[in-house]
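Visitor: On the provided structure of chain P, position chain U as indicated by the hints.
From first to last, the protein sequence lines are chains P and U.
In this text, residue positions in the first sequence follow the working numbering: the first is 1, and each later residue adds one.
In this text, residue positions in the second sequence follow the working numbering: the first is 1, and each later residue adds one.
It should be emphasised that the hints constitute simulated quantities derived from the structure, not laboratory data.
Keep in mind that the hints are not guaranteed to be accurate.
[To be verified] Calculated cross-link-like contacts (lysine-lysine; reagent style DSS-like; alpha-carbon spacing at most 27 Å):
hint, chain 1, residue 1, chain 2, residue 2
1, P, Lys216, U, Lys628
2, U, Lys77, U, Lys116
3, U, Lys77, P, Lys279
4, P, Lys216, U, Lys172
5, U, Lys493, U, Lys303
6, U, Lys628, U, Lys484
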Amino acid sequence: MHNRKRLTIAYLAMAAALLVLLALNLFWGSVALSPSSVAAALLGRGQDALTANILFQLRLPRAVMAVLLGAALSVAGYLLQTFFANPIAGPFVMGISSGAKLAVALTMVIFLNRGWLTTSLTLILAAFAGAMAAMLFVLAVARRVQRMSILVICGVMIGYICSAITDIVVAFAQDSNIVNLHNWSMGSFSGMMWGNAATAAVIVLPCLAAAFALSKPMAAYQMGESYAASVGVPVRAFSVALVLLSSLLAACVTAFAGPISFVGIAVPHLVKQTLGSAKPLHVLPGCALGGAAFCLLCDLIARSLFAPTELSISSVTAVFGAPVVIWLLVRRQRGEAQR
Amino acid sequence: MSYCETHALAVGYSAPLLQDIALQAERGKILVLIGPNGAGKSTVLKTLAGQLAPQGGAVLLDGQSLTDYTPAARARKLALMLPHTPRTELTTCFEVAAAGRYPYTGRLGILTAADKAAVREALALVQAQELADRDFTRISDGQRQRVLLARAVCQQPELLLLDEPTSFLDVKGKAELMESLRTLARERNIAIIVTLHELELARKLADAVVCVSPRGVSAVLTPQEAFAEENVRTLFGLSAEQYAALFGKTAAKPKFEHYIRSGQKLLRCGYTTGTCAALGAAGAARLLLTGRAPETVGLRTPKGLVVEVAPQFCRLTAAGAECAIVKDGGDDVDATTGLPVIAAVALRPDAPHTVTIDGGVGVGRVTKPGLDQPVGAAAINHVPRQMIAEALHREAEAAGYDGGFAVVISVDGGEEAAKRTFNPHLGVEGGLSVLGTSGIVEPMSQQALLDSLQLEIHQAALRSRRLILAPGNYGLDYLAENLKELREIPVVKISNFIGDALDMAASEQFEQVLLVGHVGKLVKLAGGIMNTHSRQADCRTELFCTHAALCGADTVTCRALMDAATTDACLAVLDGAGLRGPVMASLLDAIQTHLDRRAAGAFTVGAVVFSNRSGPLGQTKNADTLLKMWKEG
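The shape of chain P in the complex, shown without the other chains:
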């Protein structure tokens, strides 16, 4: 049972990395806090109100958000890869994040211009609508072309179009909002509050659970649609569920943190290689753990590398994620040539 041992070790390692990174995210920041005071504050024995504030109102919600959204992103990526039977499918590459971003930007600008309040829920709904619109477009293209590379190019083009429209929209926004909007559209975990985290948790956690519950038909679906149907998978309902779940997860991330690139591709791939398995039953929990750890790491780098200046989270994820995508493309090309 070599495999079971490997799985256990990999899960334990990812969980350990997650905990360590979580701790680092709490200890590390532009305001230097001593480890002992952080520990004291965490244990509720802190005397210093400022430390407790920074910790509980800034760093902890941000870290929790990174965990939730990181898990959501990589699981969304994995679901899309399963659906399209392609390792380079992902919410960002396929333009789904960009669709959500455009919808969120439009909503924000319209709401701000009219002086209405934007709640997390409205933003999530807008993002979901945008994500679904982009997804439907991608599906329509996928119906016509079989080549995955063309599909990805279409996704990237959608991304550009959406970004362009977003920029135009931002130009019409009131000055005071531009900075916020701009920061958001670059992708960032900054400014997360407990309310955001709670809303995100309410959406992300059930979605993750639902995805995990679908791991059995997902494994059958990996063999191809016809094989899945032949063993009794209700293929139509199942693919609708996959599309909805992945869009919802991607939309949720975009609504809160803006478009975050490449996590959805890089993490599932790294997790599969680490586990030595592509079974959804194994990979889904791994994706959640790995995605969370990956986003914590990237956020830590984004906010501490050039502190006090914060980098956009996408800049960091792209540096780690894009090479993985390139490597996958090259390997795939070689595989196709061999077949």
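Guide: Coordinates of chain U only, in the frame set by chain P:
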């Protein structure tokens, strides 16, 4: 009721592509769908698998309409294998096969110990157990197909549907897959429906066949009906030539391709009944010794040519095996052409290295003395007997078998055909003779033969003024053995055309001509018969009788001579009466007279006469002179 059957089924995507499909699949049997690409084989299969809704009619699975099954219930009865292999990553063959356990596993699809045992059993069934831990992408196409078959077996189906399972397989892969399918049908009692575009494979695999063509879907046919030439040609729209090009082996058996030139024409040679008998014996022996019926059998004939043909059939019988070879006379069509010569072979392990040969139905029996075989024996001459024995020894050696064989040769329709031959007259009754000294039949079309004879004599004339003429192979053999010193002189084989040959020799201005021939042929010259073919005239016994009477033979001897079957028998009678010397001398004188008359002074001509049994019988006066002259140079 069949396990799976359709009633007035119509299949298609948005509109019916094929209608009125009524097929039945039985458990334990393999039903093959054949037909041209794009006709809808896969569409039918997808509809049977429930992946495509019927456009009309119904599919009944185990007596219940397919649409009434839940997907999970259906998956426990019916498994599907598709032509394309799924792309996987980081997936072992065990996991691929285990995917077939889907209908049986729990909510999360975790395998129980029983599931794992079922997967291992399925892998073992397709002989892929050693692949279990290998990555699915790193095995051969053939192995992948077997693992996918194991996946289907894991579903524990009662009906297995396969769409072009052999598409990307090499020969070995195909063989292994076919074996696995047969095992599944037989041992698991599964009904199997498979589409195949390769007819050869389909023919070997099918228990029943349904033809799918754009014009419609046939009923369930037997393989014999389905693979009949007419049906295959209609199904695929093949012309007779195309069919022959593709399936030549079955449409027209491979012909023996050896030609002789005659003037402007090429004549195709055939092979003798003796060659057929030896080939048949070899085929039957190979089936007995190796368990496999040979596609073709071949042998080297005494003439040196190799004959290789496909048996008409080669099958096991209660006592042994029998193999039929169709006689092919080439362009020389005679009574035996087209008849199957059947060799029934039985093994005699207790009689090492022996071969006993007998004749069966359609092979004559010797009733008069003087023939190649003794009275009472089957009319199978010694050369064919030798060929049969040699062929069997070769098979035994190849198979490492030490025992003996008992062979019975029969000819289908031989008795009837024998009436059109001289056999009854010769003293061979009840059927044909199995003959042939060279194993090869050279065509005897008269004009063609005369043309080629003319050419040969002309060529000989370019070399010499001296010529030896021999009617047949016997004469050539005799020359080679007894008159070696005449090697330098050109020899032409003239068949029965002795008069014509003499005329040609005259026109080519030869000076000295010697005939060397068997008494059975040359004795006819004593009666002035210059074409010795038995269709023209016989008179051999009459001539012997007349000359014996002239030499003082009594009535009894004359009667015995008239009743003799062959010239050798005549010689035996004469020996008995002490008259061989004078009678032969008298005959040789008559021969000389008739030869001189034909030569009409154009050249000196003589004759040397022998018999296979008695050796040299004598030579004419001129032959004495010629031989003396030639031996001196």
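Visitor: Please list, smallest to largest, the hint numbers that this structure does not respect.
Guide: Hint check: 1 and 4 fail, others pass.
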